[in-house]
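Colleague: Letter by letter, the chains look like this.
There are 2 protein chains.
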Amino acid sequence: MAAASTHWRPTERALAVAYCFECGEPLVTGVPPGEDRKRQYCPACGYVHYLNPRILVSCIVHDGERVLWVRRGQDPQKNLWAMPAGFMENDETLQQAAVRELEEETGLRIPATDLDLVVLSSLAFINEVYVVFEARHEAVELQPVVPETLEVRFLAEAEAPWDELAYPYTEPYMRRCYQRLRSGEKEMLLGAFSHNIQQLKNV
Amino acid sequence: MAAASTHWRPTERALAVAYCFECGEPLVTGVPPGEDRKRQYCPACGYVHYLNPRILVSCIVHDGERVLWVRRGQDPQKNLWAMPAGFMENDETLQQAAVRELEEETGLRIPATDLDLVVLSSLAFINEVYVVFEARHEAVELQPVVPETLEVRFLAEAEAPWDELAYPYTEPYMRRCYQRLRSGEKEMLLGAFSHNIQQLKNV
Chain D
0 MAAASTHWRP TERALAVAYC FECGEPLVTG VPPGEDRKRQ YCPACGYVHY LNPRILVSCI
60 VHDGERVLWV RRGQDPQKNL WAMPAGFMEN DETLQQAAVR ELEEETGLRI PATDLDLVVL
120 SSLAFINEVY VVFEARHEAV ELQPVVPETL EVRFLAEAEA PWDELAYPYT EPYMRRCYQR
180 LRSGEKEMLL GAFSHNIQQL KNV
Chain Z
0 MAAASTHWRP TERALAVAYC FECGEPLVTG VPPGEDRKRQ YCPACGYVHY LNPRILVSCI
60 VHDGERVLWV RRGQDPQKNL WAMPAGFMEN DETLQQAAVR ELEEETGLRI PATDLDLVVL
120 SSLAFINEVY VVFEARHEAV ELQPVVPETL EVRFLAEAEA PWDELAYPYT EPYMRRCYQR
180 LRSGEKEMLL GAFSHNIQQL KNV
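If you read the protein sequences in the order shown, they are chains D and Z.
For the first sequence, numbering that gives the first Met the number 0 gives the first residue as 0, with consecutive numbering after it.
For the second sequence, numbering that gives the first Met the number 0 gives the first residue as 0, with consecutive numbering after it.
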């Protein structure tokens, strides 16, 4: 996860920008000329600092009823468990981003064409949009290939680290994922995650 | 479309950033400490300038076989026709963003809960991800409410401005949309758009 160490940082920092990217002059907060809402902008050169959500991509790799989990090796949420995930970068498709993050965190390489879309969710509370794919792959033994991952394991629902989740708000969704894998049915969910609730509906 | 006048600008400008947002010092290009790829960063304070795609949201409003089009009142693509669309902002869900953009461009207000997800597409060539919703609404007469929109019209496929499309690469997708509306079938597409091709598949 290339940007793992900065998972929370860019948003916080983006709210605290002080200088213009283009000319280095101090930014001001107000309604820029021609705009309709308050933003940070540069009165010197006209640069407007738009704040747009970033896209978080994830790939759920499964073999029967077992799902691939990673234990995080760096903050935020160091030592806790999550799905392989990270931020989409410029110049890649959603599937390429998911495949890249999976390989970076687990060493497992899966073709982008093997990915099924399963979730599109707004995480408005952290200004992110979460896109989740699924892919089937044999439950091989995997060793972490980067220090940012401590463990990589295929785990059944009963073995999963529910008390050590890096992002506890994902639990209902992960439970639903296990249930879907048991049933063999496909579903694609549209939803919204927050700290406390999940709203997910079938598309 | 709040950010219409800057539709292409932020990406271009983001590639040309010169000064650190946080301390105003010049940025350099290289592999920042702890990272694995070249980025722009600030050797003075450690700020790393990540480049992530932005999310473009759109809402296709339809009544029977007629679909709501807008003629753009400002550049890029001034005077040409497109779907109501714009960039998702922080602090909103995907549906809220689509509803906001629709109202800003057409004056038409539709509840976010009425929206069906129909397309998720990577636009890697312009570092955007495109999320399209659909909603049914009576084909009322609409007058532009902002100067950035010149005309707002419900048009059948035979009436649609195929020779005056703001984004010609959307034509195959819009034709498929009309076809779907005629058939009454639902579909959710995952794909990738580029200048010349569209890859779309059912989810």
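Hints were generated in silico from the structure; no laboratory data involved.
On a predicted model such as this, the values are computed, not experimentally measured, just so you know.
Yeah, the Cβ is synthetic: ideal placement off N, Cα and C, and Gly gets one too.
Heads up, some of the hints might be wrong.
[As the list claims (entries may be wrong)] Here chain Z is said to cover these stretches of chain D; the calculated rule only asks that three of the stretch's residues, wherever they fall, bring their Cβ under 8 Å from a Cβ of chain Z:
| # | stretch |
| --- | --- |
| 1 | 49 to 57 |
| 2 | 86 to 94 |
| 3 | 125 to 138 |
| 4 | 147 to 160 |
| 5 | 164 to 178 |
Colleague: Please list, smallest to largest, the hint numbers that this structure does not respect.
Modeller: 4 and 5
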